[in-house]
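There are 2 protein chains.
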Amino acid sequence: MLFLGVQFNPTVGDVVGNARRIAATLQSIPQWEELLGGTPDLIIFPELALCGYPPLDWLEHPSLLADCEEALEGLAREFPEYPILIGAPERNTGPGKPLFNSAFLLRNGGIEKTFRKQLLPTYDVFDEARYFEPGKETGAFVLNDYSFSVAICEDLWFDQQPGLYSIDPLYHVPTDGIICISASPYSKNHEEERQQIFQKTIQKNQKPILYINQVGANTELLFDGRSRAINKHGEMVVGADAFQSSLLPVVFEDGDFYGTEEQIPYESHQTMEDIYQGLIMGIQDFFHKNKFHKAILGLSGGIDSALVAVLAAKALGPEKVLALLMPSEFSSDHSITDSLELAKKLGINHETIPIKGTFDALRQACEPAFKGMGFNVAEENMQSRIRGTILMAYTNKFGYILLNTSNKSELAVGYGTLYGDMNGGLGVIGDLTKTQVFGLCKYINQKEEIIPNAILTKEPSAELRPDQKDSDSLPPYEILDSILEAHLEYRITETELNDRFDPEVVKKVLDLVSRNEYKRYQAPPILRISGKAFGIGRRVPLVGQMPR
Amino acid sequence: MLFLGVQFNPTVGDVVGNARRIAATLQSIPQWEELLGGTPDLIIFPELALCGYPPLDWLEHPSLLADCEEALEGLAREFPEYPILIGAPERNTGPGKPLFNSAFLLRNGGIEKTFRKQLLPTYDVFDEARYFEPGKETGAFVLNDYSFSVAICEDLWFDQQPGLYSIDPLYHVPTDGIICISASPYSKNHEEERQQIFQKTIQKNQKPILYINQVGANTELLFDGRSRAINKHGEMVVGADAFQSSLLPVVFEDGDFYGTEEQIPYESHQTMEDIYQGLIMGIQDFFHKNKFHKAILGLSGGIDSALVAVLAAKALGPEKVLALLMPSEFSSDHSITDSLELAKKLGINHETIPIKGTFDALRQACEPAFKGMGFNVAEENMQSRIRGTILMAYTNKFGYILLNTSNKSELAVGYGTLYGDMNGGLGVIGDLTKTQVFGLCKYINQKEEIIPNAILTKEPSAELRPDQKDSDSLPPYEILDSILEAHLEYRITETELNDRFDPEVVKKVLDLVSRNEYKRYQAPPILRISGKAFGIGRRVPLVGQMPR
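Protein chains in written order, with the working numbering: chain A, 67 to 614; chain B, 67 to 614.
Mixed in with the good hints, there may be bad ones.
Since copy identity is lost for identical chains, a pair holds within one copy or between any two.
[Claimed, not checked] Within a straight-line C-alpha distance of at most 25 Å, the following computed PhoX-like cross-link-like pairs (lysine-lysine) qualify: (1) 360 - 266; (2) 573 - 270; (3) 357 - 585; (4) 360 - 437; (5) 357 - 573; (6) 266 - 463; (7) 535 - 380; (8) 585 - 598; (9) 386 - 513; (10) 422 - 463; (11) 410 - 524; (12) 598 - 437.
Hints in this document: simulated from the structure, not taken from any laboratory. Just so it is clear, the structure is predicted and the values come from calculations on it, not from any experiment.
Using the sequences and the accompanying hints, generate a full structural model.
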């Protein structure tokens, strides 16, 4: 038998458009059949493929469900020649939440059967218990005398969440194989966890697994795809590319999965390449799905904006990116020359607007109120906010989207200006620590020498007063980032941190994290690459006292 | 028997501080005993009183749970003379989520028993399934030969959520009465719903109910308290004041609740007074719990900033409020005179910083790039962002907290400038439509003539270009606000809206709501007074297509 997985990139909420693209894929299959080696016996789309994942509160709109129901019936009617397994929300007519997160088997022109997700992730970025009622059994269907159990994403994860769930949907399945449709987002350790979970599932069942995952970026979440087939011995026989839409043909014979001849064997993943590809896809989908066309960013001569410029140029094409240089009296000469060199290497557009005149006028306006108070953080932030205002004026005048260049370290400790350099429609590197920013820049330069060496080697500085350095106010980044990761991602308590780091530094960092929560509340959406990003997966009070 | 309910205002996360204030309350009881008419037989605190509600992801910090356990044991040990019923998270040692949302009965120096919340609200602003495992039974305890069932907040709400829950924790309780500890937030229709739910519970059980609710504001949520006792005939025999910390003594005799003599009968609530008191409490707790001292706001001469000025002066005292006037060349004379008159009436401080010089300098800096493009929304927003920058400079220089003055109507349709007038630490009136802003101002002026009539009667205008009026770009507010309420709060579909309003206007409004989601994503936290506020209770994608 030939199974065809579609590693699909849906647009959230656009049920009609997604259905149209699904239909286009199905229509195109005959022309691929020679390459595929036959007519598919089953075509598989990811979890909630019709409405996209995560649909969040749009699930509560009656029109979304109605559109999904209509689209499912339409696809079944239009393509009776292909059995199709596809994810969509299903109306719950019984007690509980109004929906199930279901897989629909379309066959012979109608909806033959539904399979309901049993384990509903409700942690970090996931809110499924907010919308869905859990299914009560692991369903199966028969295809050419073989039977297949259907699992949906988290249904596979019982073993990886020790104690969290009290039923295991894949405990000794009685069928010949498992098909899992998924919308499993990327994070830097997630692929290792997936591999573990496939092994554990194989150990329990000795049944092959076909795993079809969503791909693409939706607001903060990056979906890497990496759909695959694993045979009953636990070997990955075929896998789809990461971070790209693709078709995955898989052969099922004598009770096991096999790849077809042309397929590229699965390459082991590499953290920096993943982050690089993931962020590029994140920018692309943010722009394309929202019908945005061109990006602007402030290029300071520092490493953060340099990295965002590289990623934007790769994602959108250099001609779609404008770098704005906005020097002040505190900008060093090399900030400008380094920025210009980078812009030239990337082939992106650049313009320069000095901020001194505006800064002087603003200080003069405030002079009666601020008289005799000297230059402090107020004047530092003024400069950043003037730059933010100029960038936004460009977006208003020409239709650019502003890319935000804040990194996770500075967001964590509030080393940035709200309504200034924190401005932007998308936080491109807001889930990368400064250490990771350096690492990714070096990785990029190993591929191709793009970022001027001066940018990589200069000491980080906000250049908002004479001779300012980040290290004047912050611990060295290697220490800061270690404390931040331990606190944010692993919730190591202050007492435990004090065993590993200078307690004074620990206190300072945790005080800053706590005190700057209000800034992050107003930050742009951030592309998520870690296990705990600032954004929807981290919900903390703004009023109160952070436990530590 | 004498029961004493403590309508408590906890600070979220501050377990040690909350425990200290709980202990202080318990220590003070002997001096109240004459007034109370005896020694309490049971003292009752609200749901999660030790850590405050909602603790959100702070529940995942190991130190919070450890502090709660220590505090519970300490209170039990320190006050063996009082049986105490108090809400706190409880460690779950079995399968499932790591915590229960529990009530602890402290008696004779130890923790005698726990009662676990069974219905976990996971909708709108509530995320309880993210943290808690549901309890499996409705527990009870005996006090002086009478038995009482214990419910926690949502446990009472089975009938009000038809079909949502499959068990009713209060279905024919076999005890003599029900004690419900709660952290039920205010919204304008919530008190009617509570009254219905009490009546339904009495009808099912014919048992009296004692309901002790949290009071105070925590980030976005306002808790009105309104603790009360309801006798077995469904009559409210005694109730605590709304929006204030208080003690509620209640007599239990012959199987029913009675008020004590001195108590004020419960007053029926009034929507505008509730909103007025709620927002004042919201400002107070935002400042006091965060140890902020003084507020600044931009006073434009319009009704929104006038209302926020009144609320801030009432909440913090006029001497703690600075109104900044920032006229431009487009400001009308009356904007300034009306603002000055209001500031004088309120007794708040005011200063004036014209923005013309900065605006001219900024335009000049952008001139090479914007040459020949004319004056448009870019220049309008520049003015708003210069004002936002000046206000933030004041916060940086003097330690003010900026109050945001955006209303719900303009937030919904994006009629405001991100990083400009959308700036602020707290959105005071961001859940009031423009219609409600007018209504509340009139209500305030009926109490006391504070807001100059000219501010109430002038046509709304942003004054960012000559002769600008809100009605140039938006439908009349009475129509806009009706469409917004139907769409946002009740999810009426576009098709249904088209039956009630001009379809062209409906399309325009929904387009604006959809297109401006990115601005609201970066808005400050908003004090919630409706059933669906912008903020944590409304989670929508920024990338994709809004169902409508």
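A quick look at each hint next to the structure:
1. In this assembly of identical chains, the alpha carbons of residue 360 and residue 266 never lie at most 25 Å apart, being 45 Å within a copy and 58 Å across copies at closest.
2. Taking the shortest Cα distances, residue 573 and residue 270 never come within 25 Å of each other, neither inside one copy (46 Å) nor across copies (54 Å).
3. Taking the shortest Cα distances, residue 357 and residue 585 sit within 25 Å of each other only across copies (17 Å), while inside one copy they are farther apart (28 Å).
4. Taking the shortest Cα distances, residue 360 and residue 437 sit within 25 Å of each other only across copies (20 Å), while inside one copy they are farther apart (42 Å).
5. In this homomeric assembly, residue 357 and residue 573 come within 25 Å of each other (Cα to Cα) only across copies, at 19 Å, whereas the closest approach inside a single copy is 45 Å.
6. Within a single copy, residue 266 and residue 463 get their C-alpha atoms no closer than 56 Å, and across copies no closer than 59 Å, so neither meets the 25 Å cut-off.
7. For the identical chains of this complex, residue 535 and residue 380 are neighbours neither inside a copy (30 Å) nor across copies (43 Å), given an alpha-carbon limit of 25 Å.
8. Taking the shortest Cα distances, residue 585 and residue 598 sit within 25 Å of each other both inside one copy (17 Å) and across copies (24 Å).
9. Within a single copy, residue 386 and residue 513 get their C-alpha atoms as close as 22 Å, which meets the 25 Å cut-off; across copies the closest is 58 Å, which misses it.
10. Proximity of residue 422 to residue 463 under the C-alpha cut-off of 25 Å is found in both arrangements, the shortest distances being 22 Å within a copy and 20 Å between copies.
11. In this assembly of identical chains, the alpha carbons of residue 410 and residue 524 lie at most 25 Å apart only when taken from the same copy (20 Å versus 54 Å across copies).
12. For the identical chains of this complex, residue 598 and residue 437 are neighbours neither inside a copy (44 Å) nor across copies (45 Å), given an alpha-carbon limit of 25 Å.
Of the hints listed earlier, those the structure fails to meet are numbers 1, 2, 6, 7, 12, in rising order.
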